[in-house]
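Every position in the sequence shown, counted from 1, becomes a number in the numbering used here once 9 is added.
Treat the hints with caution; some may be incorrect.
As the list claims (entries may be wrong) - Below, simulated BS3-like cross-link-like pairs (lysine-lysine); rule was C-alpha separation at most 27 Å, straight line: (1) 177 <-> 118; (2) 210 <-> 132; (3) 195 <-> 145; (4) 118 <-> 152; (5) 195 <-> 132; (6) 177 <-> 152; (7) 92 <-> 118; (8) 92 <-> 210; (9) 177 <-> 132; (10) 92 <-> 145; (11) 195 <-> 92; (12) 145 <-> 118; (13) 177 <-> 210; (14) 15 <-> 152; (15) 145 <-> 132; (16) 92 <-> 177; (17) 152 <-> 132; (18) 15 <-> 132; (19) 15 <-> 210; (20) 92 <-> 15; (21) 195 <-> 152; (22) 210 <-> 118.
Calculated directly from the structure, the hints in this document are not laboratory data.
A quick note: this is a predicted structure, and the numbers were derived from the prediction, not measured.
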Amino acid sequence: MTLSHKILAIECTHQSISVAAVGLRGVVEETVHQWQRTAESIIPLADRVLAAAEMVMSDIDFLALSRGPGSFTALRIGMATAKGMAYGLGRPLVTVSTMEAFAASACEKVGSRFLVPVIPARKGEWYYAVYRANGKGPEEVEKTAFVHVDTLREILERYRGRCAVVAKDIGQLEEVCRSAGVDAVKADFFTAVSLIPIAEKTYMAGEVPSLEMVTPDYLQQFRSNR
Numbered sequence: 010m011t012l013s014h015k016i017l018a019i020e021c022t023h024q025s026i027s028v029a030a031v032g033l034r035g036v037v038e039e040t041v042h043q044w045q046r047t048a049e050s051i052i053p054l055a056d057r058v059l060a061a062a063e064m065v066m067s068d069i070d071f072l073a074l075s076r077g078p079g080s081f082t083a084l085r086i087g088m089a090t091a092k093g094m095a096y097g098l099g100r101p102l103v104t105v106s107t108m109e110a111f112a113a114s115a116c117e118k119v120g121s122r123f124l125v126p127v128i129p130a131r132k133g134e135w136y137y138a139v140y141r142a143n144g145k146g147p148e149e150v151e152k153t154a155f156v157h158v159d160t161l162r163e164i165l166e167r168y169r170g171r172c173a174v175v176a177k178d179i180g181q182l183e184e185v186c187r188s189a190g191v192d193a194v195k196a197d198f199f200t201a202v203s204l205i206p207i208a209e210k211t212y213m214a215g216e217v218p219s220l221e222m223v224t225p226d227y228l229q230q231f232r233s234n235r
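My request is simple: use the sequences and hints to build the entire structure.
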């Protein structure tokens, strides 16, 4: 990975949290699989990763953050923490679609023609999107949405034998994938490092909104559990 900027990237849309830093020593990344979902658990991890990269906060050119969809609580905490860090440092915050970064990282690992990244939404429902894999990266075929698992099964059946479902916790969907005739891939490879190429491209293109305009991508509205 050849990059021209010093970057701190944070990915916390799942049960785990991952922080990566790009510096003179290349890319340094650390993942914590269970975290308290508080700012106090993000900042020490960021400091530790930066130290391993022989950097301090003030060295970075910009921050990158996975903006969702994902866990509501994790998205709120991640966004608030990243915005606070960016504001305090006077640095831009580049947000990256979780689904796009998920698909881009899967393109390098999975040989299927179509990729379906999925993230748990709430009990029985999933966020999903469909991408076509090509040599230039993922091409969006179906926009991100959230659906019940039965609807997801019907969607996957349209891609029978031609796609791979990619998830951090694929175990919950193995039976669905098997019955739909698609591959199931555990996405251990998706970390904060996965955000960096897209964030760098966005930053270089000057497509960075002001901090006031940056918000999480909750996708679905908060709903009552009743």
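Hint by hint, where does the structure go against what was stated? Just the numbers, ascending.
2, 7, 10, 11, 14, 15, 18
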